[in-house]
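**Q** Those sequence lines, one after another, are chains A and B. Numbers 16 to 364, taken from the numbering used here, label the letters of the first sequence in order. Numbers 16 to 364, taken from the numbering used here, label the letters of the second sequence in order.
All the pointers check out, no bait thrown in.
Each pair may be met inside one copy or between any two copies, as identical chains are not told apart.
Okay, derived cross-link-like pairs now, BS3-like style, lysine-lysine, Cα gap no bigger than 27 Å in a straight line:
{"id": "1", "residue 1": "Lys202", "residue 2": "Lys314"}
{"id": "2", "residue 1": "Lys121", "residue 2": "Lys89"}
{"id": "3", "residue 1": "Lys339", "residue 2": "Lys32"}
{"id": "4", "residue 1": "Lys86", "residue 2": "Lys120"}
{"id": "5", "residue 1": "Lys120", "residue 2": "Lys89"}
Keep in mind the hints are simulated off the structure, nothing from the lab.
Number of protein chains: 2
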Amino acid sequence: MGEKTYIPDKLFEFSTKVFQKLGMTQEDSDTVCRILIKTDLRGISSHGVARIPIYAKRIKLGLINPTPQIKILKENDTSALIDADNGMGHIASEKAINICIEKAKKSGMAAVGVRNSNHFGINAYYSMKAAEEGLIGMTFTNTSPLMAPFGGRERLLGSNPLCIAIPAGEEPDIVLDMATSVVARGKLEVAARKGMNIPEGWAIDSEGRVTVDPQKALEGALLPFGGPKGYGLAVLVDILSGVLTGAKFGPDAGSLFGDLDRPQEIGHFFMAVSVENFMSLETFKHRMDSMIQRIRNSKKAEGVDRIYMPGEIEYLKSKELIEKGITVNEKVIKELNDLAENLGISDRL
Amino acid sequence: MGEKTYIPDKLFEFSTKVFQKLGMTQEDSDTVCRILIKTDLRGISSHGVARIPIYAKRIKLGLINPTPQIKILKENDTSALIDADNGMGHIASEKAINICIEKAKKSGMAAVGVRNSNHFGINAYYSMKAAEEGLIGMTFTNTSPLMAPFGGRERLLGSNPLCIAIPAGEEPDIVLDMATSVVARGKLEVAARKGMNIPEGWAIDSEGRVTVDPQKALEGALLPFGGPKGYGLAVLVDILSGVLTGAKFGPDAGSLFGDLDRPQEIGHFFMAVSVENFMSLETFKHRMDSMIQRIRNSKKAEGVDRIYMPGEIEYLKSKELIEKGITVNEKVIKELNDLAENLGISDRL
Chain A
16 MGEKTYIPDK
26 LFEFSTKVFQ
36 KLGMTQEDSD
46 TVCRILIKTD
56 LRGISSHGVA
66 RIPIYAKRIK
76 LGLINPTPQI
86 KILKENDTSA
96 LIDADNGMGH
106 IASEKAINIC
116 IEKAKKSGMA
126 AVGVRNSNHF
136 GINAYYSMKA
146 AEEGLIGMTF
156 TNTSPLMAPF
166 GGRERLLGSN
176 PLCIAIPAGE
186 EPDIVLDMAT
196 SVVARGKLEV
206 AARKGMNIPE
216 GWAIDSEGRV
226 TVDPQKALEG
236 ALLPFGGPKG
246 YGLAVLVDIL
256 SGVLTGAKFG
266 PDAGSLFGDL
276 DRPQEIGHFF
286 MAVSVENFMS
296 LETFKHRMDS
306 MIQRIRNSKK
316 AEGVDRIYMP
326 GEIEYLKSKE
336 LIEKGITVNE
346 KVIKELNDLA
356 ENLGISDRL
Chain B
16 MGEKTYIPDK
26 LFEFSTKVFQ
36 KLGMTQEDSD
46 TVCRILIKTD
56 LRGISSHGVA
66 RIPIYAKRIK
76 LGLINPTPQI
86 KILKENDTSA
96 LIDADNGMGH
106 IASEKAINIC
116 IEKAKKSGMA
126 AVGVRNSNHF
136 GINAYYSMKA
146 AEEGLIGMTF
156 TNTSPLMAPF
166 GGRERLLGSN
176 PLCIAIPAGE
186 EPDIVLDMAT
196 SVVARGKLEV
206 AARKGMNIPE
216 GWAIDSEGRV
226 TVDPQKALEG
236 ALLPFGGPKG
246 YGLAVLVDIL
256 SGVLTGAKFG
266 PDAGSLFGDL
276 DRPQEIGHFF
286 MAVSVENFMS
296 LETFKHRMDS
306 MIQRIRNSKK
316 AEGVDRIYMP
326 GEIEYLKSKE
336 LIEKGITVNE
346 KVIKELNDLA
356 ENLGISDRL
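Make a model of the complete structure from these sequences and hints.
**A** Written as structure tokens, this is what we have:
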């Protein structure tokens, strides 16, 4: 498959025109596209501009509201509960993390929940915004059900990712962004297309038996990482994002790709804690740097060249992509150009 | 190995006399023993009265201060930083979680850090106190280094456990309490004594090679659960408990059993979030019950009789032990009776 490389501005300009043509305000469209481009720049191309076609499809089907009126339903000095009005998850979440940061700076810490929302991109984007402000940022979202509980065989839990970002000094910030499933469902699809087996422990078949057959796995369920521990974390993320915010949870959360007859109605949860509750930001960053350097410079396991901190691989990737530009594969370029044509936009990638 | 069963009061009375004889006030001693007995009643016998001999040893060696003057170093409406004055971790942590609960009830959420502390028992005890008050309770502690970073081979991270407890209604509260290592180091010791191999993935040898030889594993390092994900969580727990509180962290954290020449100087971190920031506690509990029942009543994997929620096994165990009493093995009974004799206490178990 071929690919082309773009400067971020080119992708941004193209993308924001698409969303505006779909009925979104320029402000909302710019917000979404800033997040998508930042995601591509972090090397997470699965969650960047490649997702525009499915977002556009859902808007056209009336499943995502292009002009959401975001409402704060409940608020105090340390918290807020936001109704995303079934808009793009990015829009409500940008607002939510901004409120969370502002309240945490004033009150020492804050938590903001979002309900009635849709896919919001990558967790890291929101946590990293908090870390840039000297806060410890935490982001949780539930997703459509893909995973069986530990000991079960029904798809009752999403891949429910969580991210914690922590400011460092000279070193890059720590950004732990992870799904609670062993792998993404996309990896089963890739193996099925290639006719390859999957490793034991990734998934079970519809009877709840461990399987190495990706087709049977697709009919069954993904497994949580680390057995009961990952299962517990997936439950926790669903509680914070879904149960506590008043969003759908468990098997009721809608799928971005799968459910083309109903809104997702998922939820998100953000927390920020001020470092300065405990010590000066300068001292903390110095301590963080010393921890990071101690780990990075320690002895490596056999066959390992370098020890990475959580998020460091993505950090190095983003430094490279800011220099080189964003590479998009030709299948995605064609989908985006077809979408532009379909919407009557003259721009092409 | 034989064992004997005791009513909780008998163990409590014996234990609090031991700590008082070691120089602790009745109040502090009662606090520690309440926590130890609650831990035994949860079926976590490794962290209950069985730990009294090592605590006593450290107090006698001057490594734990029996009469700590606990100080609040920094405080605002949502946070506090506490100096444990090198006392038993339980004493400062009981104070910390009480402050955290009080502040969270008033301000919506709170975080309390503890530095200059020692082993505090099980994380679940503290998180569960918050959950009983209608709060989401989170507890983190760092421990002495047992684990290599992902890709490394030096022991730079503790088993760094975390616990989140969430109130439910008719159903037992959710209590996810887990170490970030695959297994406890004790399991390597058991395998070594029995001359058995350990499963691949538990540990590496001193060269950073995967090993199934428990002796080589003891000379090497435990591995984080779930590869880079568990590694990331272990780093996170060390940051919250150690870096942020001003405690020792990474390889500098002292070992309860191993370092008999210096205090542990570890740290703990507690958070509490009020459910009522987002919805009424009654509605939330109802939603929690429906999530729990949906999972528990779902189809089981092959060979599985029952799906458990996080913490449910311990909950069922505690219901049983409250009826039946606490079983203590004879080796521990002998150690405790020897300690009593050594301290000139006439009581025996």
